[in-house]
Amino acid sequence: MADPDLTQFKLVTKGHSFEDFNEGQVFAHHWGRTINAGDNSLFTTATLAYCPLYFNVEYARAHGHPDVVVNPMLVVCTVVGMSVEDLSEAGGPFLGINGLKFHRAVYPGDTLTARSTVVSKRESASRGNFGIVTWRTEARNQRDEIVVSYERTNLVAKRRGAPL
Amino acid sequence: MSDATSTLTGAGNYFEDFEVGAKLRHARGTTIGEIENQMLTKLVLNTADGHYNEHRMQGTQFGQRLVFGLVTGSVCIGLTMQDTGENALAELELTGIRFTSPVFHGDTLYAYTEVLEKRDSDREDAGVVRFKHWGTKQDGKIVFEGERTVLIKRRSHWGNR
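Protein chains in written order, with our numbering: chain A, 1 to 164; chain B, 1001 to 1161.
Simulated from the structure, these hints should not be mistaken for lab results.
Careful, some of the hints might be misleading.
Each computed DMTMM-like pair below joins lysine to aspartate or glutamate, with the alpha-carbon atoms no more than 20 Å apart [stated by the list, open to error]:
hint, chain 1, residue 1, chain 2, residue 2
1, A, Lys101, B, Glu1016
2, A, Lys14, B, Glu1054
3, B, Lys1132, B, Asp1049
4, B, Lys1042, A, Glu145
5, A, Lys101, B, Glu1145
6, A, Lys101, A, Glu138
7, B, Lys1137, B, Asp1122
8, A, Lys14, B, Glu1145
9, A, Lys101, A, Glu58
10, B, Lys1137, B, Glu1093
11, A, Lys101, B, Asp1049
Here the structure is a predicted model, which is why all the values come from computation and not from measurement.
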């Protein structure tokens, strides 16, 4: 049998362009993520985060926690990670995070979900193929309690612009 | 636990030990490779393949995979942690998080901290410290900066527990 002509296969595109964002628009991000103990140990040790709350359960219990605490940077990274396809995968450098608050501890077994709202969008003065978008993101646990919130700003490619 | 918890952490990084204006250069660095960038980027469901598709990135101005900014940020904050958060009770806030230069596989990160502010908290056994952190590459170029606010144990309450 002849090989298929792969050039005729349609690309399943991902992500959004600058033109797709409108102020006030809400994105409920995909998947959700249950953070397990292995995730926490791997992330914490690979980032050298030497606070025993994150890897010594007896120490964590002695400080009033029911289990080890999930490293808050893992929480941030996971929430940003789940938001990437909706907000920033289609291209553009990360400009910053501001006003991030950790509202409560996350424990292994907790499941995080995230939503973002478009706060503002404007043209980039220096790069015509890009715009600048700011989103407010909130993540909640399985009890619908907020665990982290922040504002993130990125350069976002316009539809005709090359992403990188 | 059989041993006192205070024997498990350092004695020089309680709330009382931080002085506003103090500038710290953290002792260790770490080289960024597959574990830090590719593994952690995938672990947190970051779908942007510019962090893990070497083939595609060879066709861009960067010529190779870019390290996910929050991996850089997490490693830089991690490099500060023994000195700034080993005796923390909780991380409270981050702001002004910026990634000022790209990081690639093979780069080595180092971290620096300035103590910006100390204040009482609403619990008497701990206080709040606000830090400014910077991360650099091996050539000294700053790649990360940000402010971090941490709730840190007071020696007066926790030093002998």
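Hint compliance check: list the failing hint numbers for this structure, sorted ascending.
Of the numbered hints, 1, 3, 4, 7, 8, 9, 10 and 11 do not hold.
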